[in-house]
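S.K.: Input sequences plus hints: build the corresponding full structure.
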Amino acid sequence: MSAPVFLAAAAELAGARPHATVTVRGDEARHAVSVRRIRAGEVVELVDGAGTRVRGTVAHAAPDALSVAVDDVTHEPAPDVALVLVQALAKGGRDEQAVETATEAGVDAVVPWQSERCISVWAGAKAARGRERWAAVARAAAKQSRRAWVPPVRDLVVGRALVAATQATVAAGGAVLVLHEEATTPLAAATLPAGPPSAPPAGPATPSSPAGPPTPPVAPPATPEVLVVVGPEGGLTDGEVEALVGAGGQAVRLGPHVVRTSTAGPLAVASLAQRLGRWG
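Each residue of the sequence shown is one higher than the one before, starting from 1 at the first, in the UniProt record's numbering.
Honestly, the hints are just simulated from the structure, not real lab data. Cβ atoms here follow ideal geometry from the backbone N, Cα and C, with glycine treated the same way. Wrong hints could be hidden among the right ones.
To be verified - Below, a list of computed lysine-lysine pairs in the DSS-like style, where the Cα atoms sit at most 30 Å apart:
id	residue 1	residue 2
1	143	91
2	126	91
3	143	126
Stated by the list, open to error - Listed next, with one range per pair, are the computed distances between beta-carbon atoms:
id	residue 1	residue 2	range
4	43	246	51 to 59 Å
5	280	238	45 to 53 Å
6	11	246	41 to 49 Å
7	246	64	22 to 30 Å
8	257	20	46 to 54 Å
9	75	35	24 to 32 Å
10	39	155	37 to 45 Å
11	36	91	25 to 33 Å
12	25	278	28 to 36 Å
13	140	172	26 to 34 Å
14	35	117	18 to 26 Å
15	119	239	39 to 47 Å
16	93	57	36 to 44 Å
M.R.: See below:
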């Protein structure tokens, strides 16, 4: 059985190296010791949510501190193409279920979307609470699935603001896939970005003129994103689909069956992860 995973702060893992000891404090230590009943001598993994994974043996377990003797440290690279779930708000916790399962399937970021037919509405302070609730779901799912990366939950997008986001994503070399039951193009045939464009090798800064400032090295290319847009229980309106496709999105059909809003995104993420070679 794989070792349990606990989320540590980046500062707590900053000095991690073989034969060193790192200590996790606060809520995560209490969860490990008081809830999961982790004890000295057990093998655990600590991750920072940004690709760093520390594997080691528990040296000391107390409700306020979990100390781990480090055996190995790895740094998992970010993907060449990021998968982003744009999930419409849904009632009955179905949107949170989508976030949970999509995280387990390997999604890289989540965007809450207030679409036209959403029954659930985030307004004012409720938006901040909803986002934090989704973030907590993503953190728990990432730990459960033993991930070193925790997908961030981005700011709420309201209505047609998603059209502008679609234009920006496509202009940056990404793709926006709009899941729609009446689409004729299957998800498997959607056009996906190949990865970041090649950048010229970075060299030393060179002067732009004898008296001018130095020219900075070329910045690395941004990671292209694939946005997977999922509507609420009532589906997307024709106007939403037309606007998103007009902005460069691709209307795609997930499969022969109509699935719930809680299921569509995770199924699409899993299929795309396979296409992108993540699952071997």
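S.K.: Now tell me if each hint is right for this structure.
M.R.: Hints versus structure:
no., hint, in the structure
1, 143 to 91, "25 Å, holds"
2, 126 to 91, "14 Å, holds"
3, 143 to 126, "26 Å, holds"
4, 43 to 246: 51 to 59 Å, "53 Å, holds"
5, 280 to 238: 45 to 53 Å, "39 Å, violated"
6, 11 to 246: 41 to 49 Å, "46 Å, holds"
7, 246 to 64: 22 to 30 Å, "55 Å, violated"
8, 257 to 20: 46 to 54 Å, "52 Å, holds"
9, 75 to 35: 24 to 32 Å, "28 Å, holds"
10, 39 to 155: 37 to 45 Å, "41 Å, holds"
11, 36 to 91: 25 to 33 Å, "32 Å, holds"
12, 25 to 278: 28 to 36 Å, "33 Å, holds"
13, 140 to 172: 26 to 34 Å, "31 Å, holds"
14, 35 to 117: 18 to 26 Å, "39 Å, violated"
15, 119 to 239: 39 to 47 Å, "18 Å, violated"
16, 93 to 57: 36 to 44 Å, "38 Å, holds"
Hint compliance for this structure: hints 5, 7, 14 and 15 are not met, and every other hint is.
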